[in-house]
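So the sequence lines, in the order shown, correspond to chains W and C.
With full-length UniProt numbering applied, the first sequence covers 1 to 426.
With full-length UniProt numbering applied, the second sequence covers 1 to 559.
Some clues are possibly wrong.
What the hints assert, rightly or not - Lysine-lysine pairs mimicking BS3-like chemistry, simulated, CA-CA at most 27 Å apart:
#	chain 1	residue 1	chain 2	residue 2
1	W	K110	C	K100
2	W	K113	C	K14
3	W	K98	C	K14
4	W	K329	W	K342
5	W	K136	W	K330
6	C	K100	W	K276
No wet-lab data here; the hints were simulated from the structure.
Small disclaimer: the values here were computed from a predicted structure and weren't measured.
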Amino acid sequence: MDTSTVVVPDQQGRWKHLYKALTKPGPFSDEDWVPGAETVNALESSKILVIGAGGLGCEILKNLALSGFKDIHVIDMDTIDISNLNRQFLFRQTDIGKPKAEVAAAFVQKRVKGVNITPYVGKIQDKDEDYYMQFKIIICGLDSIEARRWINSTLIGMVDPEDPESLKPLVDGGTEGFKGQARVILPTLSSCIECQLDMHAPRPAVPLCTIATIPRQPQHCIEWAHQIAWQEKRKDDPFDSDDMEHISWVYNAALERAQQFHIHGVTFQMTQGVVKNIIPAIASTNAVIAASTTSEVLKIATSCNPYLENYMMYAGEEGVYTYTFEAEKKPDCPVCGNLARKMDVDPNMTLGEFIESLGERAESQLKKPSMRTEERTLYQRFPPQLEEHTRPNLQLKLGELLENGQEIAVSDSAYTIDFRFRLIFK
Amino acid sequence: MADTFTAITGPSSKERKYDRQLRLWAASGQQALEDSRVLLINSDGPLGRDSTGVTGVVGVEALKNLVLPGIGGFTIVDPAMVTEADLGVNFFLEEESLGKSRAAETCRLLRELNPDVQGYSSAKPIADLLQDPEFLPRHKLVIISGPTKSSSLQPLCQAATELGIPVLYTHSVGFIATFSLQLAAEFPIVETHPDPESTQDLRLLNAWPELAAAGAALADLGSMDDHQHGHVPYILLLLRFLEEWKQSHDGNVPSNYREKTDFREFVRSNARTSNAEGGEENFDEAAAAVLKTISPFSLRSTIRDIFEMSECQLPTAESPDFWIIASAVRSFYSVHNVLPLPGSLPDMKAQSADYVSLQNIYKAKARKDVDEVTATVRQLEFQLGRTTPAIPEREIEVFCKNAAHIKVVRGRGIPQITGASNAATIKTIRNQLGNPDSLIPLWIACQILDAVVDDIQTSGQELQRSVDDEELWQTHTDRIVNLIFTDDPAALSHEAREHIDEAILELRRTEGGELHNIASLAGGLVAQEALKVLTRQYGPLDNTCVFDGARSRSEMYRL
Numbered sequence: 001m002d003t004s005t006v007v008v009p010d011q012q013g014r015w016k017h018l019y020k021a022l023t024k025p026g027p028f029s030d031e032d033w034v035p036g037a038e039t040v041n042a043l044e045s046s047k048i049l050v051i052g053a054g055g056l057g058c059e060i061l062k063n064l065a066l067s068g069f070k071d072i073h074v075i076d077m078d079t080i081d082i083s084n085l086n087r088q089f090l091f092r093q094t095d096i097g098k099p100k101a102e103v104a105a106a107f108v109q110k111r112v113k114g115v116n117i118t119p120y121v122g123k124i125q126d127k128d129e130d131y132y133m134q135f136k137i138i139i140c141g142l143d144s145i146e147a148r149r150w151i152n153s154t155l156i157g158m159v160d161p162e163d164p165e166s167l168k169p170l171v172d173g174g175t176e177g178f179k180g181q182a183r184v185i186l187p188t189l190s191s192c193i194e195c196q197l198d199m200h201a202p203r204p205a206v207p208l209c210t211i212a213t214i215p216r217q218p219q220h221c222i223e224w225a226h227q228i229a230w231q232e233k234r235k236d237d238p239f240d241s242d243d244m245e246h247i248s249w250v251y252n253a254a255l256e257r258a259q260q261f262h263i264h265g266v267t268f269q270m271t272q273g274v275v276k277n278i279i280p281a282i283a284s285t286n287a288v289i290a291a292s293t294t295s296e297v298l299k300i301a302t303s304c305n306p307y308l309e310n311y312m313m314y315a316g317e318e319g320v321y322t323y324t325f326e327a328e329k330k331p332d333c334p335v336c337g338n339l340a341r342k343m344d345v346d347p348n349m350t351l352g353e354f355i356e357s358l359g360e361r362a363e364s365q366l367k368k369p370s371m372r373t374e375e376r377t378l379y380q381r382f383p384p385q386l387e388e389h390t391r392p393n394l395q396l397k398l399g400e401l402l403e404n405g406q407e408i409a410v411s412d413s414a415y416t417i418d419f420r421f422r423l424i425f426k
Numbered sequence: 001m002a003d004t005f006t007a008i009t010g011p012s013s014k015e016r017k018y019d020r021q022l023r024l025w026a027a028s029g030q031q032a033l034e035d036s037r038v039l040l041i042n043s044d045g046p047l048g049r050d051s052t053g054v055t056g057v058v059g060v061e062a063l064k065n066l067v068l069p070g071i072g073g074f075t076i077v078d079p080a081m082v083t084e085a086d087l088g089v090n091f092f093l094e095e096e097s098l099g100k101s102r103a104a105e106t107c108r109l110l111r112e113l114n115p116d117v118q119g120y121s122s123a124k125p126i127a128d129l130l131q132d133p134e135f136l137p138r139h140k141l142v143i144i145s146g147p148t149k150s151s152s153l154q155p156l157c158q159a160a161t162e163l164g165i166p167v168l169y170t171h172s173v174g175f176i177a178t179f180s181l182q183l184a185a186e187f188p189i190v191e192t193h194p195d196p197e198s199t200q201d202l203r204l205l206n207a208w209p210e211l212a213a214a215g216a217a218l219a220d221l222g223s224m225d226d227h228q229h230g231h232v233p234y235i236l237l238l239l240r241f242l243e244e245w246k247q248s249h250d251g252n253v254p255s256n257y258r259e260k261t262d263f264r265e266f267v268r269s270n271a272r273t274s275n276a277e278g279g280e281e282n283f284d285e286a287a288a289a290v291l292k293t294i295s296p297f298s299l300r301s302t303i304r305d306i307f308e309m310s311e312c313q314l315p316t317a318e319s320p321d322f323w324i325i326a327s328a329v330r331s332f333y334s335v336h337n338v339l340p341l342p343g344s345l346p347d348m349k350a351q352s353a354d355y356v357s358l359q360n361i362y363k364a365k366a367r368k369d370v371d372e373v374t375a376t377v378r379q380l381e382f383q384l385g386r387t388t389p390a391i392p393e394r395e396i397e398v399f400c401k402n403a404a405h406i407k408v409v410r411g412r413g414i415p416q417i418t419g420a421s422n423a424a425t426i427k428t429i430r431n432q433l434g435n436p437d438s439l440i441p442l443w444i445a446c447q448i449l450d451a452v453v454d455d456i457q458t459s460g461q462e463l464q465r466s467v468d469d470e471e472l473w474q475t476h477t478d479r480i481v482n483l484i485f486t487d488d489p490a491a492l493s494h495e496a497r498e499h500i501d502e503a504i505l506e507l508r509r510t511e512g513g514e515l516h517n518i519a520s521l522a523g524g525l526v527a528q529e530a531l532k533v534l535t536r537q538y539g540p541l542d543n544t545c546v547f548d549g550a551r552s553r554s555e556m557y558r559l
């Protein structure tokens, strides 16, 4: 094609490699795609939101800036900790204690000429739909499933079928040790975070009776010190997992209990790991996942190549293994589907036990649920009068409260939407 | 006692900084990293007209991912000067870097990432540096940013092979990245970190006297109250029920799938269901463990292969520690028909004291096995007249714990398509070309790029010829495709040729240039391999990886 008539910036200049990819078609790019100045313009005018300025976020900001994006926003509520320095390469020893979003934005903006990065130090929940509406694409580098679910349901709720601009592609990355995944979500059109929830099941919790009476593992002793001893001895002192004195106290209490039961292996490192639920993290895995998410953002913004449909998992313990596949959109997804999700339950279980189990079940993962049927409220945490009124239901069996196959609506203060489940008695 | 109530100082600031990675490779892996210096050869002259050479972003990004976790040091070799185009792809350069040595500038900005790491740079071509025989041996790993002309690549890989230094050779062009890992002919790994589920070795059918005694000492189940009955560790339950099964099966244990499922039913039928919970967790655990654990010990074929290697059968005074220990473990196996017991016990429903005493039975046996292997190691050291320091006890212990999962990678050179290519490599490439979804055409396209650059750089006309020269590409494409199908040109299908042409088209889109994202991704993958090789933990790539950023996929090949 003739590129001499379109105005493209100096090919010999700073962006010559990138512009070549944007001004020439490739064998895999869409036949209808028009490379050239318009594509470059689409790239430079796309406003991008990065959620998280941690291990993935630092990499993503660098990658976006060096992919030619000019207007980038970043949200993060955290401050810099010493344990971030082994991978969050925009931070230095002297930055410890400062807000991640601000330090990261300033660093990349200084290093890469012409990019504008706007930080926001706070929670994603602080912002409303108007805020999210201004972006072209949203890219997530988070360690919390809860935050992912919140932004997912918010973006799905924003979709107006009459207005294509209201559909904000969500590109999400996550890592754990040598493993990770990247996924592209087109809200309401493709499989969403909630559809895929059971692919990221939480670790099963140790039963309370084991912790309280029959510990066998060093972790059981740590859980006892953290959950039980602290409550008994330091009830008025809210536990802070970032306070070294608190961790030391738990460590000592755990060590003492371990000796009493002749259990070996309680260490300070393990104590921190259990109490803070630490996930191993390294620079290289973050680099792989962050770059693959940014690469998808570049392809969505410019159409220079097909974007990921819709999930790539990566495992690096044994060579380099990736698996790319299309996760299915679920018609009974509580967020993007229109059917209630089926859930097998024991009718002899009490409502209280059922509520407890929703926190651990892979398909729900709701920590503080309230619930109702179409006819009546089963349990409501707030306001206090209603809580008191519905509390007796907690002792009743599901079989007494519900019909087999009945639908319930579950709400949780962490999310803006209701989750619908159809309970099947087993 | 090891973990008594002593001074509680908490972790050092270094342990805190590296906490998230120490959970993956522990202090031993960290020490190995800190003892390593990595050499990056990031360019080797212009690729042609309008080019100052490879932009080398993969290499710099890989170093970033190695400097952060704290390798001992690195050396960047790069004769190029920083140009405007470098600033559009390389994050470790800044406005003030323009016109300066790219080696010195990237070195300076990478060093800022971690004060624990030493950084060195040189703007001399690698061929000059290799004149100093002490240069290469200072390094534990070499990363080379391709495309690199054959006259630089070959001697470098050769020298590295002779010194036993692993090499990573990378390409990142447009949306495509490939890299290969050259390892020593035998690259042994002890700490492979298998999935904990797959490492359980409970020896229920090969019970040693102390374990068998613990099973026999279990009181009559019928006389237990519900609490006791519901807290018998499942291992003891299985030992007890195995004895009962044997009595009704002519002394035989369940040996096939059918018998095992029958045995599982038998275990289940002994659970009490009249209690408040309507069942017993320990019986559920026992039933769930039947298919996995009721099997006689069998040596995995990969370990058998290692035992049969000549290094294992005939160790010498010069053999590395690995082979001396492997040889001792082999002797252990030939006497006992089992490997040393790893000694770990999964968690299970039980009273604390019962669990701990069972755990002690496993630990004591593991200890005894380590002692036996250690004695053999000492004997071997003496017989062979080894002059190196005695192998540390800790090393023998780690080996015994991992004995069922050790690995020896048969290293290969950096693969290339030449007239002298290994027949097996060519065969793999041809097989892959038969699969329409294979990414091998991308690797072939990178081989052609190497040939084009080699041609330009050795022609003495670097500044006249272009890396996008149509004629050059035609010539080398035909030549390399012919080399793949040299004995049977008819075997090249129309479709395969089309896939190679597509790959070339995508590769040529950026005229040899890197895109930052893809280079950064490849830098992550390359660093991951470097970490595994330097720590000698987990499983390294064997030996080539291709990443396709256009279609978001990757593949591995043994070439």
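Going down the list of hints, with the structure as the test:
Of the supplied pair hints, the one linking K110/W and K100/C holds, its CA atoms being roughly 19 Å apart against a limit of 27 Å. With a C-alpha separation of about 34 Å, the suggested pairing of K113/W with K14/C is violated against the 27 Å cut-off. Annotation: proposed proximity of K98/W to K14/C holds, straight-line Cα distance about 20 Å (limit 27 Å). At roughly 15 Å between alpha-carbon atoms, K329/W and K342/W fall within 27 Å of each other, so this suggested pair holds.
Of the supplied pair hints, the one linking K136/W and K330/W holds, its CA atoms being roughly 25 Å apart against a limit of 27 Å. A hinted pair counts as satisfied when its Cα atoms are at most 27 Å apart, and K100/C with K276/W does not qualify at roughly 46 Å.
Comparing the model with each numbered hint stated earlier shows that hints 2 and 6 do not hold.
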